Amino acid sequence: MKAMGVVAAGLVLELASQGCLAAGSPAAAVPGVAALPVAIAAPRADDDGRIRVQLVARDEVELSSEISAKIASMPFRDGDAFRAGQTLVSLDCSLYAAQLHKAQAEADAAVQLKQVDDRLSQLHSIGEIDVQQADGRAKASAAEVAYMRETVRKCSIAAPFDGRVVKRSAAAQQFAQPGKTLLTIVDTGHLELKMIVPSKWLAWLKPGRPLTVKVDEVGKTYPAAVARIGARVDPVTQTVDVTAALAGHPPELLPGMSGWASFGDSAR
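If you use mature numbering (1 follows the signal peptide of the UniProt record, and there is no 0), the sequence shown corresponds to residues -22 to -1, 1 to 246, in order.
It should be emphasised that the hints constitute simulated quantities derived from the structure, not laboratory data. All values derive from a computational prediction rather than experimental measurement. Here a beta-carbon is modelled for each residue, glycine too, at the ideal position from N, C-alpha and C. A hint or two may mislead.
Below, simulated SDA-like cross-link-like pairs (lysine to any residue); rule was C-alpha separation at most 20 Å, straight line [unchecked claim]:
#: 1; residue 1: K178; residue 2: R30
#: 2; residue 1: K132; residue 2: K178
#: 3; residue 1: K48; residue 2: R30
Quick list of simulated restraints, FRET-style, between CB atoms [what the hints assert, rightly or not]:
#: 4; residue 1: A121; residue 2: P213; range: 53 to 61 Å
#: 5; residue 1: A209; residue 2: P229; range: 29 to 37 Å
#: 6; residue 1: R36; residue 2: A120; range: 37 to 45 Å
#: 7; residue 1: K158; residue 2: V89; range: 34 to 42 Å
#: 8; residue 1: E84; residue 2: D108; range: 14 to 22 Å
#: 9; residue 1: G197; residue 2: Q77; range: 53 to 61 Å
#: 10; residue 1: I104; residue 2: Q151; range: 40 to 48 Å
Given only the sequences and the hints, what does the whole structure look like? Please build it.
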């Protein structure tokens, strides 16, 4: 029986070394053999403390129209760079512009009628109900003008930030439907580093902690600092999400690139 216990122990140790045992596995309960602790997969890290990171854009937006209209122009194509405030999409809003002119003319007429009624009221030549009706028509006309002005303003879609076009989902002369994606854009000027680190690092890893990241695609190293730490620890892997911010805006870096982050000497 003793020999069988030794053989069983050797088998369990071999299986454990090959990662074949899981927590609660019946093989870990062989008679005469103490249960073996099972290691949980840790984040991908080197022995020197480096951790794998990925570059992500702070903002990625799918632009769509708020009104129905034919697309007049979309000057930027996939990969093109743009600056904040530049027009990304122009819609043919000649019909809406005509409706605005009509609403403005009706508003002007309503204001004039109200002025006449106010004067007649002072001369006691018109009833109070007529004055109130004229005032109501003037306010309604003004509201219609404001509505049409806002509609015409939506005929042009401007870039909310500096960035690049990821994908064009429409083209000039097509009809834009409200809510349907026209362009997908990404903010390349504000890249962040996403990483998953062991939760035990929280003993020394705090916001503002400096680090360096070597980006695989360009082979260069850049300074950064921890910006945010996740709000919870994963109870299974005992890891936590960490976000770091690059110092500056290196133009050669793009979202999706990856590399290795190093925190230098630490308390780990």
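Hint by hint, here is what the structure shows:
1. K178 <-> R30: holds, 17 Å
2. K132 <-> K178: Violated, at roughly 51 Å.
3. K48 <-> R30: With a Cα-Cα distance of about 46 Å, the restraint between K48 and R30 is violated, given a limit of 20 Å.
4. A121 <-> P213: 53 to 61 Å: Since A121 and P213 have Cβ atoms about 56 Å apart, the given range 53 to 61 Å holds.
5. A209 <-> P229: 29 to 37 Å: holds, 33 Å
6. R36 <-> A120: 37 to 45 Å: Roughly 40 Å apart at Cβ, these two residues keep to the hinted range, so it holds.
7. K158 <-> V89: 34 to 42 Å: holds, 39 Å
8. E84 <-> D108: 14 to 22 Å: holds, 19 Å
9. G197 <-> Q77: 53 to 61 Å: Since G197 and Q77 have Cβ atoms about 57 Å apart, the given range 53 to 61 Å holds.
10. I104 <-> Q151: 40 to 48 Å: Given a distance of about 54 Å, which is not inside 40 to 48 Å, the answer is violated.
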